[in-house]
Each structure stands twice: as C-alpha cells, then as structure tokens.
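Enquirer: Sequence order for the protein chains is A and B.
Just so we're aligned, residue 1 is where the first sequence starts under my numbering, counting upward by one.
Just so we're aligned, residue 1 is where the second sequence starts under my numbering, counting upward by one.
There could be a bad hint or two in this list.
Chain copies aren't distinguished; within one or between two, either way the pair holds.
Claimed, not checked - In silico BS3-like pairs for lysine-lysine, Cα to Cα no more than 30 Å straight-line:
no. : residue 1 : residue 2
1   : K423      : K128
2   : K283      : K5
3   : K68       : K5
4   : K279      : K128
5   : K68       : K404
6   : K283      : K245
7   : K245      : K37
Quick caveat, the hints were computed from the structure, so don't treat them as lab data.
This one's a predicted model, so the numbers in the text were calculated from it and none came from an experiment.
2 protein chains.
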Amino acid sequence: MSQTKILLDESEIPTQWYNVIADMPNPPTPPLGPDGKPVGPEALSAIFPDALIEQEVSGQRWIDIPDKVREIYQLWRPSPLYRAHRLEAALGTPARIYYKYEGVSPAGSHKPNTAVAQGYYNQQAGIKRLTTETGAGQWGSSLALVGQMFDIEVRVYMVKVSYEQKPFRRSMMQTWGAEVLASPTDQTEAGRKILAGDPDSPGSLGIAISEAVEEAASRDDTNYSLGSVLNHVLLHQTVIGLEAKKQFEKVGDYPDMVFAPCGGGSNFGGAAFPFFADKASGKEVRLVAVEPASCPSLTRGHYAYDFGDAVGLTPMMKMYTLGHDFVPPGIHAGGLRYHGDSALVSQLYNEGLIEAQAVHQLETFDAGVLFARNEGIIPAPESNHAICAVINEARQCTKTGEAKTLFFNLSGHGHFDMASYDKYFSGELHDYEYPAEAIDAALHNLPEVAEG
Amino acid sequence: MSQTKILLDESEIPTQWYNVIADMPNPPTPPLGPDGKPVGPEALSAIFPDALIEQEVSGQRWIDIPDKVREIYQLWRPSPLYRAHRLEAALGTPARIYYKYEGVSPAGSHKPNTAVAQGYYNQQAGIKRLTTETGAGQWGSSLALVGQMFDIEVRVYMVKVSYEQKPFRRSMMQTWGAEVLASPTDQTEAGRKILAGDPDSPGSLGIAISEAVEEAASRDDTNYSLGSVLNHVLLHQTVIGLEAKKQFEKVGDYPDMVFAPCGGGSNFGGAAFPFFADKASGKEVRLVAVEPASCPSLTRGHYAYDFGDAVGLTPMMKMYTLGHDFVPPGIHAGGLRYHGDSALVSQLYNEGLIEAQAVHQLETFDAGVLFARNEGIIPAPESNHAICAVINEARQCTKTGEAKTLFFNLSGHGHFDMASYDKYFSGELHDYEYPAEAIDAALHNLPEVAEG
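Full structure from sequences and hints, please.
Expert: Below you can see the structure in the form of structure tokens.
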C-alpha cells in the first residue's frame with residue numbers, strides 16, 4: 001500500500017524560524033506614523049514585548065525557537081504531510097497532490113503556531129494579561145489556548161454579531177479559560193463612544209481592535225496580540241513550510257507549485273516563505289496566494305500606504321489594499337475578509353516573485369466538498385480557497401498530461417464552520433464580483449503619503 | 001525535551017483484529033429469539049452481510065483486516081498515543097498518564113474504525129445502500145464518511161429532536177453525501193404508525209432503529225449497520241488497543257490500569273480487549289469501564305436477557321441492563337445513554353475479569369476542562385468519563401506515592417458538543433442519582449426467559 005501520511009518525529013520540529021526578509025531582493029518598506037515618518041520600534045513597546053519588536057524588524061535569516069515553545073508545539077507538531085491519493089484518483093489527474101494538515105492543533109488551525117510564541121515572549125517580559133480581537137473566533141481561540149499555558153489572562157473582544165451567532169467558538173475560548181466580551185463594550189473609551197452613538201451596534205473587527213489596543217496601551221501588565229499581517233506573526237508560521245520541506249525530502253519529491261489561502265498573509269507566509277528561500281537560490285518553484293474574489297486585495301487592490309485597521313488608529317503599511325474602509329459583502333462565509341495584506345507578502349507580489357489568484361465562493365465550497373468526500377477531512381472555508389486553486393491546476397494537468405507536484409496548506413478543519421456548509425447546501429451562498437467602480441470608490445479614501 | 005506523542009508508521013497499523021472470545025474462560029451467551037431459543041446466523045442475513053455474521057459468532061483469536069480497510073485507516077491511523085506530561089504536572093501526581101487520541105479521524109471519534117470495515121464487507125456482498133440510526137450523530141457521521149468510499153448510499157434516520165437541535169452533525173453527514181431524515185418519517189411502517197399517534201413526535205433512538213431495520217429488511221440491495229454493542233463492532237475497534245500496546249512497547253512502559261468510557265461497549269472493548277489477552281496469559285492489568293451515574297447499567301443494572309432496543313424488536317441478549325424501556329434523564333449531556341451493554345463486556349464483568357465505575361456528570365466536565373486547559377484538546381463528553389476516572393486515580397497516587405501507569409482512550413473531540421460545555425459553564429447541568437426504587441421499577445419489565 002502506498003504511503004498516505006508523511007510523518008516527522010518530535011525531534012524534527014524546526015529549531016529555528018525562517019525570516020524571509022534575509023532573502024528579499026529589497027529591504028522591507030517601513031510602517032509610517034500619522035506624520036508620514038517611519039515608526040520606530042520604541043513606539044510599539046506599549047503593546048508588544050521587546051523580543052517580538054526585534055523579530056518584527058530583524059533581517060537575520062534564522063531565529064531560534066525557544067525550547068519552551070517547541071515543547072508546547074509537541075502537543076500537535078510536527079503536523080502530517082498527506083499525499084492526496086484518493087483526490088488524485090477522483091480527478092484522474094497525473095499531478096501529485098500533497099497537503100500539510102494544520103487542523104491537528106487543539107484550536108483546529110495554524111493560528112496556535114504564533115500564539116504559543118507570542119504567549120512565551122510576553123510571559124518572559126512579565127506580562128500577566130493579553131488582549132486581542134476576534135471575528136469568527138479562530139484567532140481568539142488560539143490565544144485562549146496558550147494563555148493558560150503561560151499563566152497569562154486572555155481577554156478577547158469578540159465582534160458582537162459573531163459573539164451572538166457563533167456561540168461555539170466562544171464556548172471553546174471559555175473552556176480554555178479566556179474571558180470573552182461582546183464588542184463594543186462599556187469597558188473602553190472606544191467602546192463607550194460607539195455605544196453612545198448606537199446602543200445596538202453589532203460591532204466590527206475595527207472596533208474590536210480599537211478596544212483591545214486601547215486596553216493594552218493603558219495598562220502596564222497588559223499587552224496586545226495580533227494573529228496575522230505583522231512580520232513576526234508570519235515568521236512564527238514558517239514552521240509549516242520548514243516541516244513540509246523535510247517531509248518532501250523523505251519521499252524524494254519537491255513541489256512545482258505551493259498554494260495557500262491569503263487573507264492577512266500568515267497562512268501563506270507560513271507555508272510558502274521557506275520555499276521562497278529555495279527560489280531565491282535559483283530553484284524553480286511557483287508560490288501562489290489564493291484570495292477570495294469578494295475581497296481581492298492582491299489581484300485588484302492598489303499597492304499603497306494604508307492603515308491596518310478600519311478606523312485609522314494603526315501605523316500605515318505599504319501593502320495591497322482595497323482601502324481601509326472596504327467592507328466585503330455579508331454573503332461571504334470565509335475568514336479572508338481583510339482589506340489589505342501583509343507588507344511582506346505585498347512586496348514580494350509587487351516584485352513579481354510570488355503569484356496571486358482570486359477564486360469565487362461557490363467554487364471553493366464545490367472544491368471543499370469534493371475534497372471531504374475523498375480525503376475525509378472537512379476543511380475550513382478559508383482552506384477551501386487553496387483546495388480550489390489546486391484542483392483547478394490538477395484538472396489542467398489532466399488535460400496537458402503534466403505530472404506536476406502540487407502542495408497546499410490545509411490550514412484548518414471546518415468543524416466550527418458547518419453553518420457555512422449548510423448555507424452552501426441550501427443555496428444561500430452566492431458569488432460576488434465587484435464592478436471596477438466599486439473598487440475605485442473604496443480606494444479614493446487612501447491616506448496621502450509623501451514617499452521618500 | 002521529553003517525548004509527548006508516541007507515533008507508529010502506517011506499516012504498523014494492525015493486520016489482524018483481536019477477538020476476545022478466544023480468550024474468554026466461558027463461551028459467549030447466545031442471543032435469543034422471541035421463542036427463547038438461540039438465534040442462528042441465518043436470521044441476521046436479511047440485514048447483515050455473511051462476513052460480518054461470521055465475525056459475530058467466530059471464536060478465532062485473530063481475524064485478518066482486508067488491505068482495502070487498512071488503506072482507508074491510513075487516512076488517520078495509527079492514531080497517536082500521548083503522554084500527558086502537562087496534566088501530570090498539574091495534578092502533581094507520580095502516576096504516568098497516557099491517552100490514545102481517536103479524535104484524529106475525520107468524523108472525530110473512534111466510530112469510523114468499524115464503519116470502514118462494515119462499508120467494506122457490505123460492498124463485497126454487493127450492497128448498494130446502508131441504513132442506520134443516529135442520536136447525537138457520532139455514529140451516523142462515521143457511516144456517512146465511509147459510504148462515499150465504497151460507493152454505498154447511506155440513509156441516516158436521525159432522532160428528530162437531535163436533527164433539529166444539532167444541525168451541525170447533520171451538515172457533516174450531508175457534506176459526506178449521506179441522506180439524513182428526521183425520524184419518525186412517513187417512509188416506513190414504523191414511522192407512519194408513530195406519526196399517526198403523535199404527528200409531533202420528537203422521535204427516539206428506539207423508533208429510529210425500527211425505521212432503519214425495517215427498511216433494510218425489506219430491500220434486497222439494502223443492509224443495516226450498527227455502531228456499537230455487537231461482537232463484530234467491538235472486534236473492529238480492537239485496532240485501538242493493539243496499536244496502543246505497540247506504542248507502549250516503544251517507550252518501555254505498560255499500563256497498570258486501562259480506562260475507557262462505556263455505553264454500548266465498543267469504546268471500552270476496542271481499547272481494553274487487547275490488554276485482556278495479556279491478562280488471560282497471567283499479566284497483571286486492571287481494565288476499567290467508566291459509565292455515567294445517570295445510566296449505570298454495569299454498576300446498578302441486572303445481568304439478564306433483555307432486548308437491545310427500546311421497543312423489543314431485536315433478539316434478546318444477556319447483558320447488564322436497566323430494562324429496555326429505561327430512559328435516562330434529559331439533563332444528561334453525554335452519549336452514553338444506552339440501557340444495556342455489549343454482551344461480551346457484560347459477561348467479562350459478571351465473571352469479575354473487568355471492573356466498572358460510575359461517575360457523575362459534573363465531575364466529568366470538571367475533569368474535561370482541566371484536561372483541555374493542560375493538554376489542549378477539548379474532549380467529547382463521553383471521553384470525559386474516562387478522564388474523570390483517571391484523574392481520580394492519579395490523585396490517589398499523589399496520596400499514596402504510587403507511580404502507576406494509567407492509560408485511557410480519548411475516544412473523540414468535543415467540537416460538536418460545545419453546547420454541553422456551554423450548559424456546564426452556565427450551571428444548567430446537574431447530577432442525578434437514581435433512588436433504588438427507580439432502578440427496580442425499570443427492571444420490572446425484563447422479558448421472561450427460561451435459561452437452559
């Protein structure tokens with residue numbers, strides 16, 4: 001019988017994270033403050049520990065993973081690399097399809113890879129509380145999971161409409177001991193201001209970020225934690241691609257193409273950056289970020305300085321953006337609804353070193369269901385984006401007869417997303433293509449920045 | 001760093017199931033028909049394929065696992081054996097705690113171990129459709145998962161109240177292509193009869209079984225499939241204990257005590273029977289079935305012939321039973337609500353070869369939350385029963401200083417049971433202890449059987 005899962009021993013968990021900045025042809029663009037000048041590390045120290053700020057700006061290629069972090073990784077890592085024999089047979093494709101399954105983490109996605117590291121460095125810095133925001137709950141539950149492990153209280157500002165509609169992610173966070181508040185709350189200036197204007201506000205990710213950051217900035221024992229976008233978050237996620245490379249070595253194969261879903265960028269960065277290291281040394285490998293057509297920042301946005309949050313409180317980052325007040329339509333089920341993208345992913349895309357594809361919602365669910373019926377695992381809607389792009393490529397191989405090696409990151413399971421599958425089966429999900437004017441209108445609001 | 005997960009290669013998936021009947025000191029008691037005479041294999045052939053009927057009555061110690069079944073097992077097997085370092089530290093116990101994690105299957109529990117085998121043998125017998133019943137949905141989703149893989153249509157009669165209250169298990173089954181009906185339906189004689197009497201009937205497991213069996217018995221291309229209780233189901237589950245024994249060998253340890261939740265018995269049989277083989281050869285190992293105090297068949301029931309279903313359609317089996325019309329209180333959240341128990345488990349218990357413990361609901365959730373906060377995984381409420389018993393034993397070890405090796409089957413995750421955790425956190429769950437008269441009353445209804 002041919003091998004299905006390529007496993008590694010716990011001793012093979014990477015001992016260092018890979019920093020893509022070391023291999024980028026140009027230095028990363030700096031974040032800018034409201035005055036248009038680069039924001040120094042010191043401005044971030046009210047909400048982040050020094051170790052993470054150092055990682056955010058480091059140009060060092062390899063950064064040591066602390067033993068304590070690797071020890072907690074052992075609860076689920078190394079994650080398995082699967083050869084998708086049954087999916088290949090169903091497609092009748094000559095392509096070889098592999099996927100890294102990150103849904104084996106207790107929180108069910110790749111997010112704990114960075115949550116553990118952030119918990120560790122905050123504990124080292126003497127921090128007793130962490131705040132964060134969460135929408136659907138993937139990130140909030142990951143931080144809740146590790147809070148316990150580092151004796152750190154975790155407070156999650158959960159967008160009120162999600163808090164009410166998705167009670168099970170909330171229960172998960174409470175099981176791990178986190179405090180979960182429906183945002184807007186009356187506990188922060190930002191929340192009270194919103195509630196004064198609209199006592200029934202359903203909340204938004206932008207409001208929840210404001211509440212979490214405000215609390216962290218105003219308390220000495222409290223820091224703030226973010227689950228994507230920033231350089232140090234992508235750094236921590238590189239354990240995914242680093243393990244995958246070892247696993248490919250074991251079976252004597254190597255991907256022609258690497259696919260990962262792309263919202264804020266940590267999923268894609270984690271899976272693809274370690275392969276970028278090879279590409280930078282001349283190896284041929286195509287790296288494909290897959291985003292939703294309903295939130296097409298890379299494929300239809302502008303490459304420009306914009307705010308990271310909806311209300312303009314964060315530093316500005318140079319990134320592909322749809323405008324910081326862009327709101328994707330409510331018909332979209334997945335968690336890839338960020339208006340912008342990681343600065344690192346954006347820069348690599350702008351320089352033509354990585355590729356991007358936008359896929360429509362219904363085809364992602366078609367792909368996810370086909371996958372589930374053959375491989376068993378029911379994927380998260382975000383992961384379905386990568387699966388969709390891989391299946392399209394594998395079908396192309398069927399036509400051309402090319403036996404390409406395709407690899408994707410199956411970033412999480414869909415156990416907490418069955419309501420989206422329900423909507424798909426009952427015909428309530430739709431596709432949405434923005435008219436060019438809608439994109440242009442959103443981009444009118446980009447901040448003016450005099451670039452040096 | 002000390003090892004957390006003890007893994008096996010796919011080549012180490014067992015090639016044979018272990019049949020405990022070969023090592024039992026006495027032959028198993030036969031099932032009896034309505035006339036009080038033993039039911040022959042031929043009576044079962046309307047709803048089961050011959051291969052499964054042979055396994056049901058076989059006395060052979062080892063039964064080959066077909067290659068095709070092992071190939072599908074590879075999608076998640078071998079499952080990891082964990083050493084619970086963090087839980088041990090939290091308890092300050094000298095005990096060594098290990099758990100086998102069966103939640104890695106796509107359906108999230110141990111149930112697919114037998115679903116795959118049943119799908120295979122039914123396909124071999126030319127069967128195109130399988131019917132089954134499901135309450136909370138663990139079993140129905142496992143059969144749905146494998147239906148696709150053997151080109152077998154699966155129809156699940158899901159108890160109507162669960163169908164309405166637990167939509168996500170239903171969506172899971174639909175994702176895997178199964179047809180899910182809210183039972184009672186108007187498609188069977190049994191269902192129509194119930195609906196005629198009560199158009200708003202919430203359904204029951206007994207009614208759903210009647211519908212599934214009726215349909216299977218009346219159609220040549222259709223068989224029926226059961227997820228626990230029967231000998232062949234427990235047989236298929238022995239891959240759990242067989243793998244665990246190999247994993248213990250790798251780390252040079254061996255359990256003093258084996259714990260598993262016990263409802264119908266497949267969870268316990270699967271984990272414990274392979275260790276019983278050693279016990280039968282003189283090795284010291286205690287095997288502990290853990291049941292809910294709200295449905296205490298082993299610890300408070302009678303050992304007697306009784307029907308397997310609520311309405312008396314099935315053959316009678318000699319087992320520990322609370323009476324076939326016993327209905328546990330609705331306050332109980334777990335899935336261990338069966339009035340009886342596997343005949344094999346019952347016989348071994350009656351002969352003093354295995355032990356049983358009953359635990360209360362609130363302490364099981366206390367245990368599950370403590371486990372989740374240390375080990376990460378959020379367990380299914382059924383699994384919490386075993387965890388509770390293990391934690392009690394480990395705390396005992398703390399007092400006595402004994403460094404016992406404790407092993408339990410973590411039979412599934414709780415991702416589809418968060419509503420129960422919610423109720424626990426909000427104080428809506430309660431314990432329930434039956435007064436002796438209540439148990440006696442239920443037992444008054446046992447069928448009269450003249451035993452030979």
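Enquirer: Work down the list of hints and note, for each, if the structure agrees.
Expert: Going through the hints against the structure:
1. K423 - K128: between (41 Å within a copy, 29 Å between copies)
2. K283 - K5: within (25 Å within a copy, 35 Å between copies)
3. K68 - K5: both (27 Å within a copy, 16 Å between copies)
4. K279 - K128: Close neither inside one copy (41 Å) nor across copies (50 Å); limit 30 Å.
5. K68 - K404: between (39 Å within a copy, 27 Å between copies)
6. K283 - K245: So K283 and K245 pass the 30 Å test inside one copy only (13 Å; across, 45 Å).
7. K245 - K37: neither (39 Å within a copy, 63 Å between copies)
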